[in-house]
Structure formats: structure tokens, C-alpha cells
Amino acid sequence: MRNIFIAAALLCLPSLAEAASPPAIAASNAWARASIGASTMGAAYLTLTDNGAPDSLTGATTPVAASASLHQTTTEGGIKRMRPVPVLPLAPGKSVTFAPGGYHIMLMGLTHKLKAGEQFPLTLTFTHAPPVTVQVQVTPVGAPAPSAMPDMPDMHM
Amino acid sequence: MPTNRKRASQTGKATRKKDADKAARAVMIGGALTVFLLGVGGLLLLTPSGSTRITAEQASSIGGPFTLTDQNGRLVSDQNFRGKYELLYFGYTFCPDVCPSTLNDIAGAMQKLGTKAADIQPVFITIDPRRDTPQVLKRYVAAFDPRLIGLTGTEQQIARVAREYRVYYAPHRTGPGPDDYTMDHSSVIYLIGPDGHFLTTIPADQQAASLAADIATHIS
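As you go down the protein sequences, you meet chains H and X in turn. Number 157 marks the last residue of the first sequence (the numbering used here); no jumps. Number 377 marks the last residue of the second sequence (the numbering used here); no jumps.
Don't read these hints as lab results, they were simulated from the structure. A hint or two may mislead.
[Said to hold, decoys possible] Think about it this way: if two alpha-carbon atoms lie no more than 27 Å apart in a straight line, the pair counts; the simulated DSS-like pairs of lysine-lysine are:
id, chain 1, residue 1, chain 2, residue 2
1, H, Lys113, X, Lys295
2, X, Lys241, X, Lys273
3, X, Lys295, X, Lys273
4, H, Lys115, X, Lys295
5, X, Lys269, X, Lys295
6, X, Lys269, X, Lys241
[Stated by the list, open to error] Across the chosen pairs, the derived CB separations fall in these ranges:
id, chain 1, residue 1, chain 2, residue 2, range
7, X, Gln268, H, Glu118, 37 to 47 Å
8, H, Lys115, X, Ser218, 50 to 60 Å
9, X, Pro328, H, Thr127, 54 to 64 Å
10, X, Gly332, H, Lys94, 29 to 39 Å
11, X, Gln215, H, Ser95, 36 to 46 Å
12, X, Thr374, H, Pro63, 40 to 50 Å
13, H, Ala26, X, Thr290, 36 to 46 Å
14, X, Asp276, H, Pro54, 53 to 63 Å
15, H, Ala53, X, Pro335, 37 to 47 Å
16, X, Glu321, H, Arg83, 22 to 32 Å
17, X, Pro303, H, Glu118, 43 to 53 Å
In this text, all values refer to a predicted model and were calculated from it rather than measured experimentally. The C-beta atom is built at its ideal place from N, Cα and C for all residues, glycine as well.
Go ahead and model the full structure; you've got the sequences and the hints to work with.
The following block contains the structure:
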């Protein structure tokens, strides 16, 4: 009987820990194109879902590049510009999908050529939530954007 | 957005010019308004049917002669492409976001065009000749489609061809190192006829299937 109580208490522990932890941000469908030729720049795409309180993405790191930072490609009069975005607000219950032509994690100074089929870790930092590390799937150059497609319309203005 | 697009397409040239000026100001203000006006501004160049927006007078002034170096180190001039439709896209190989997406879609469109593709020559002209040597271009274009030709040249040669096609490009520094820069650039596909005359621009922001359909409407 006592064992059952202990087991029940142990089962409760994870949920208690969860309840006490800060708001959770989920990162999913992370992908990046394989490196092409001499370029030492890359871009990682993913979907961020805020399952907790209002928060914001403030930074990124990865062992495969000297720097990783949030960038946005904008189009004005047919001209594309990539610019750093210091902070990306995340709203509770909402997802933000990064996709070509919109938001991306810009990888500068790749220390490792990204090869199709590989994965690499990308750690994202937030104002409130603890850092999230996601495995980024490297896709072949010629492959269409895998995860971004269903959410693409809002990226094509 | 579709409603805005429709409205934008119905306005006159003068109104569009005004919209573009307004767009330029609003971009600095930022926010949701920017997103809306960017769409309108983008449509000035990136129109679904291209030809409806470009007057005959404008069309006759787009394009011109060039001599550049291809990915194999050979000198190539605009004359080399006579007899084929040319799909011209300006970009740079260090571009991590937009250029690979567009070239993927061009390569996909070439596949979807099937036998029609035999009459089309896709060409990628770099606006970053400092980094994009023929050797760099060779590996780059091969990654997308064996039919894709990559062209580079001296700063002056690139400046000239960009001017002829009204392509805007400018470096944007990202750090202190010599290679720490990205390029701001026009992202538009140009369709040139077999006689070497400019036919139309084709919006670059479309996926392979719609790009193929768009191209097909302009070739005989």
C-alpha cells in the first residue's frame, strides 16, 4: 500500500515541476538549406509557438556558425533587404512561422558546411521562457521548403 | 491582402507613383501599415502579368548589350542567347534566403515546362562580383539546374548590366570583416525574347508551378 502512495507521489512530480516552470515556448519544424558553394552564410527556419505568457525571442546560438541572429527579409518596390530584428514578440497561443522571404535565423560565418541529411542544434533565447534547443534538419538545396509551405501565404505579400 | 492587391491593380499610374512615395515614408514608420504598403509597393514591379504594368516605351528601354564571364570562365555576350528566351535573375551566391528560393523555383519551373523549356535559357547574373568568381558560380548554379548559366564580371561590367535592367543593388554591412556584408537587391525575373528584346518582368515570389504557368503565357 505504501508503495502505491510513493508511486502516486512520484507520478505527480513532473506535473508539479511543470506547473512551477516559466511559460513554455515550443520550437518545431526547424530546417535549413544545405550550404551551396563557397557561401559561409546560411538561414534556419522554424515555427515558434508560445504556449504560455507574452514573451519575445531575443537571440540564437549554434555551434555551426560564428553568429546566429534573427533577420527579416523585406520587399519594397521589388527590392529585397535582409535586416536584423533585435526582438520578435510572441503572443500567447500564437505561432510564428519563419520561411524564405520572411523571418529567418541568419547563420553567419558557418564553421561547418551544412550537408543535406544532417542535423545541427540551434538554441533560442527568450525574454522570460528558458532557452529552447531545437535540432535543425538540413534539406537538399533543390528541395522545397518542407515545413514552411502550409504557412507560406502570409509570407508572400 | 488580395483585396488590396486588386485595388492597387485598378489604380492609375500616377496614383501608383503616389502610393510608392507613400510606401517609402510608411516603411520608416513601421508596423502593420508597412506590411500593407509594402505589398502595394512591391506590385509596381512584381505584377502577376508583368506586361500590363510596363508601357511599350518603358519596355524598349529595358535591357541592352553586355559582355560577362560565365561559370566556366568563358566570355559571354547577350548575342550568345539569341534564338532562345532568356530568363534573367540578378542575385548573389552568398544570399542565404531569397536567391536560393527563387533559383529553386526557376529550376522547378524549367522542369514543369517540359519540352517548352528547350527554348528557354535561365541565366543568373551576380550583383556581388567581388565574391562571385566563375569558380564560385560554377558550384552554385550546378546545385540548382544543369541548364542554369551563371554570369559574373568586373564591378564596371556588372554595374552596366544592372543599370540596363534597372536592377538596384547595394551592400549592407553585417560586421567588420571584408566578407561581412549582405546585398540589398531587386528580385525580379526578366523574360527576354529570342530576338534579344525585353518582353516582360515576372514576379520572383512565386512557387515553381505558378512561375511555369506565368512564363508559359509569354512564350510561343
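Now for the hints, and whether the structure bears them out:
{"no.": "1", "hint": "Lys113(H) with Lys295(X)", "verdict": "holds (17 Å)"}
{"no.": "2", "hint": "Lys241(X) with Lys273(X)", "verdict": "holds (11 Å)"}
{"no.": "3", "hint": "Lys295(X) with Lys273(X)", "verdict": "holds (25 Å)"}
{"no.": "4", "hint": "Lys115(H) with Lys295(X)", "verdict": "holds (18 Å)"}
{"no.": "5", "hint": "Lys269(X) with Lys295(X)", "verdict": "holds (24 Å)"}
{"no.": "6", "hint": "Lys269(X) with Lys241(X)", "verdict": "holds (18 Å)"}
{"no.": "7", "hint": "Gln268(X) with Glu118(H): 37 to 47 Å", "verdict": "violated (26 Å)"}
{"no.": "8", "hint": "Lys115(H) with Ser218(X): 50 to 60 Å", "verdict": "violated (45 Å)"}
{"no.": "9", "hint": "Pro328(X) with Thr127(H): 54 to 64 Å", "verdict": "violated (32 Å)"}
{"no.": "10", "hint": "Gly332(X) with Lys94(H): 29 to 39 Å", "verdict": "holds (32 Å)"}
{"no.": "11", "hint": "Gln215(X) with Ser95(H): 36 to 46 Å", "verdict": "holds (42 Å)"}
{"no.": "12", "hint": "Thr374(X) with Pro63(H): 40 to 50 Å", "verdict": "holds (48 Å)"}
{"no.": "13", "hint": "Ala26(H) with Thr290(X): 36 to 46 Å", "verdict": "holds (43 Å)"}
{"no.": "14", "hint": "Asp276(X) with Pro54(H): 53 to 63 Å", "verdict": "holds (55 Å)"}
{"no.": "15", "hint": "Ala53(H) with Pro335(X): 37 to 47 Å", "verdict": "holds (44 Å)"}
{"no.": "16", "hint": "Glu321(X) with Arg83(H): 22 to 32 Å", "verdict": "holds (28 Å)"}
{"no.": "17", "hint": "Pro303(X) with Glu118(H): 43 to 53 Å", "verdict": "violated (25 Å)"}
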